[in-house]
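Novice: Residues per chain, in single letters:
There are 2 protein chains.
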Amino acid sequence: MTDARRSGAETRDRILAVAREHFARQGYDRTTIRAIASEAQIDPSMVMRYFGSKEELFTAAAAIDLALPDLTEVPVGDVGRTLVTHFVRMWDSDGTLMALLRRAASDPAAAEQMRSIFAAQVARAVAPVCPDPSQVPRRAALAASQLLGIALGRYVLVLPPIVDMTPDEIVEWVAPTIQRYLAAESAQTDQDPDRVGSS
Amino acid sequence: MTDARRSGAETRDRILAVAREHFARQGYDRTTIRAIASEAQIDPSMVMRYFGSKEELFTAAAAIDLALPDLTEVPVGDVGRTLVTHFVRMWDSDGTLMALLRRAASDPAAAEQMRSIFAAQVARAVAPVCPDPSQVPRRAALAASQLLGIALGRYVLVLPPIVDMTPDEIVEWVAPTIQRYLAAESAQTDQDPDRVGSS
DNA sequence: CATTGACGTCAACAGGTGTTGGCCTACACT
DNA sequence: AGTGTAGGCCAACACCTGTTGACGTCAATG
Numbered sequence: 002m003t004d005a006r007r008s009g010a011e012t013r014d015r016i017l018a019v020a021r022e023h024f025a026r027q028g029y030d031r032t033t034i035r036a037i038a039s040e041a042q043i044d045p046s047m048v049m050r051y052f053g054s055k056e057e058l059f060t061a062a063a064a065i066d067l068a069l070p071d072l073t074e075v076p077v078g079d080v081g082r083t084l085v086t087h088f089v090r091m092w093d094s095d096g097t098l099m100a101l102l103r104r105a106a107s108d109p110a111a112a113e114q115m116r117s118i119f120a121a122q123v124a125r126a127v128a129p130v131c132p133d134p135s136q137v138p139r140r141a142a143l144a145a146s147q148l149l150g151i152a153l154g155r156y157v158l159v160l161p162p163i164v165d166m167t168p169d170e171i172v173e174w175v176a177p178t179i180q181r182y183l184a185a186e187s188a189q190t191d192q193d194p195d196r197v198g199s200s
Numbered sequence: 002m003t004d005a006r007r008s009g010a011e012t013r014d015r016i017l018a019v020a021r022e023h024f025a026r027q028g029y030d031r032t033t034i035r036a037i038a039s040e041a042q043i044d045p046s047m048v049m050r051y052f053g054s055k056e057e058l059f060t061a062a063a064a065i066d067l068a069l070p071d072l073t074e075v076p077v078g079d080v081g082r083t084l085v086t087h088f089v090r091m092w093d094s095d096g097t098l099m100a101l102l103r104r105a106a107s108d109p110a111a112a113e114q115m116r117s118i119f120a121a122q123v124a125r126a127v128a129p130v131c132p133d134p135s136q137v138p139r140r141a142a143l144a145a146s147q148l149l150g151i152a153l154g155r156y157v158l159v160l161p162p163i164v165d166m167t168p169d170e171i172v173e174w175v176a177p178t179i180q181r182y183l184a185a186e187s188a189q190t191d192q193d194p195d196r197v198g199s200s
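So the sequences go chain by chain: A and B. For the first sequence, position 47 (counting from the first letter as 1) is numbered 48 according to the working numbering, and the numbering increases by one without interruption. For the second sequence, position 199 (counting from the first letter as 1) is numbered 200 according to the working numbering, and the numbering increases by one without interruption.
Hints are supplied without guarantee of correctness; some may be wrong.
Note that the list lumps identical chains together, so a pair holds whenever it fits in one copy or between two copies.
Said to hold, decoys possible - Straight-line C-alpha distance at most 20 Å; calculated SDA-like pairs for lysine to any residue:
{"hint": "1", "residue 1": "K55", "residue 2": "D30"}
{"hint": "2", "residue 1": "K55", "residue 2": "V137"}
{"hint": "3", "residue 1": "K55", "residue 2": "Q114"}
{"hint": "4", "residue 1": "K55", "residue 2": "P76"}
{"hint": "5", "residue 1": "K55", "residue 2": "R31"}
{"hint": "6", "residue 1": "K55", "residue 2": "Q27"}
{"hint": "7", "residue 1": "K55", "residue 2": "R125"}
{"hint": "8", "residue 1": "K55", "residue 2": "Y156"}
No wet-lab data here; the hints were simulated from the structure.
Build out the structure end to end from the sequences listed, making use of the hints.
Specialist: Here you go:
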């Protein structure tokens with residue numbers, strides 16, 4: 002009857018989109034294949050046929066490209082601001098990273114995925130602005146901790162004061178932190194307080 | 002047979018202890034009543050009798066007292082350092098907070114619990130050191146975001162660079178951030194009046 | 001002694017889960 | 001035409017989950 006035959010690759014994409022949204026909103030465990038299939042107007046078995054298993058579906062849905070800007074082309078003093086702006090924008094437009102973060106909270110495999118993203122993308126992008134190459138991982142991790150902390154508060158815990166902040170306000174407050182973690186000469190000293198916050 | 006009759010309140014505590022550990026390690030969904038009961042050497046139904054439901058068991062296991070120090074008795078400049086030290090020590094000694102954090106990642110009720118802990122304990126403790134009372138929630142939330150971000154990186158995601166840091170090193174790097182969020186005159190300036198670089 | 005009540009076990013229910021295999025149908029190709 | 005194949009649905013399997021109720025059994029209490 003109503004067969005509504007569809008293109009195949011098209012439904013595959015539709016499943017992926019719905020899956021991303023569900024994973025991002027409810028986390029891995031509470032997301033069911035049946036729910037995804039239902040919302041994608043398809044039979045659950047089709048999800049299996051396309052992706053093999055729930056595990057593989059998640060992996061496919063959580064493939065992430067942070068699309069980090071080339072920091073060598075950014076004035077050194079603007080690195081913090083640039084990164085915070087980038088991440089806030091990314092979180093607001095795509096729930097994929099949130100999905101991964103949620104799952105990482107209770108699944109070691111997803112945590113491993115986050116670690117590899119961190120190492121391959123964040124640490125790499127951030128390297129050129131750190132004073133001491135040997136401290137790149139540490140500085141990158143500190144910056145990541147603050148950025149993820151904001152994401153946690155804003156999208157997962159929904160802490161009202163953070164949710165109420167505009168993207169610009171977040172940038173204003175957090176950028177100096179990232180700037181210090183990445184570019185300060187040492188833990189305790191700021192790099193050049195007089196120049197922070199130009200604009 | 003081997004009845005090994007026990008004191009009651011004692012087994013209740015045992016269940017609670019095992020539950021805390023499981024919730025902290027695996028999160029809420031992946032923790033099963035059966036597993037808890039098994040490790041506590043008891044029948045699953047006893048867990049229900051003592052706590053009513055898995056939900057209530059979690060609530061009982063996640064009752065948290067942050068035991069925050071009285072910041073009015075701490076030199077203003079040491080507030081950041083004091084708080085970071087306190088939290089790092091707390092995370093290392095008790096997994097309860099981690100259990101709650103993990104669950105909050107996928108369960109709105111646990112997130113709500115975190116919000117109330119935040120409002121009742123963090124915001125309250127932090128209030129006296131903020132310059133502008135109206136900004137207390139925002140400043141407290143920013144501080145919380147950084148502290149939770151570190152917890153996330155160190156205990157949940159297990160980012161090597163953060164795990165490798167000693168508690169003292171974490172304090173060294175993070176304390177200035179907390180200090181600025183709580184006590185700085187504005188987002189962009191450090192608290193030291195001499196360094197306020199106005200244009 | 002008898003009875004009560006707390007501590008504990010056992011077995012089962014009811015529902016939801018990922019996953020599988022069989023079957024149907026429309027389209028493209030020979 | 002006939003045929004293969006990809007897209008799709010249905011029903012079921014096997015398993016695990018929280019939860020429940022009936023049933024023991026020991027100790028203390030009247």
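Novice: All hints, please: hold or fail.
Specialist: Now the hints, each set against the structure:
1. K55 to D30: Classified as both: same-chain Cα gap 10 Å, cross-chain 16 Å, threshold 20 Å.
2. K55 to V137: For K55 and V137, neither the intra-copy (35 Å) nor the inter-copy (43 Å) Cα distance is at most 20 Å.
3. K55 to Q114: within (16 Å within a copy, 30 Å between copies)
4. K55 to P76: Neither: 44 Å inside a chain and 53 Å across chains, both beyond 20 Å.
5. K55 to R31: both (12 Å within a copy, 16 Å between copies)
6. K55 to Q27: The answer is both: 15 Å in one copy and 19 Å across copies each meet 20 Å.
7. K55 to R125: neither (31 Å within a copy, 43 Å between copies)
8. K55 to Y156: Cα proximity of K55 and Y156: none, with 24 Å in one copy and 26 Å across.
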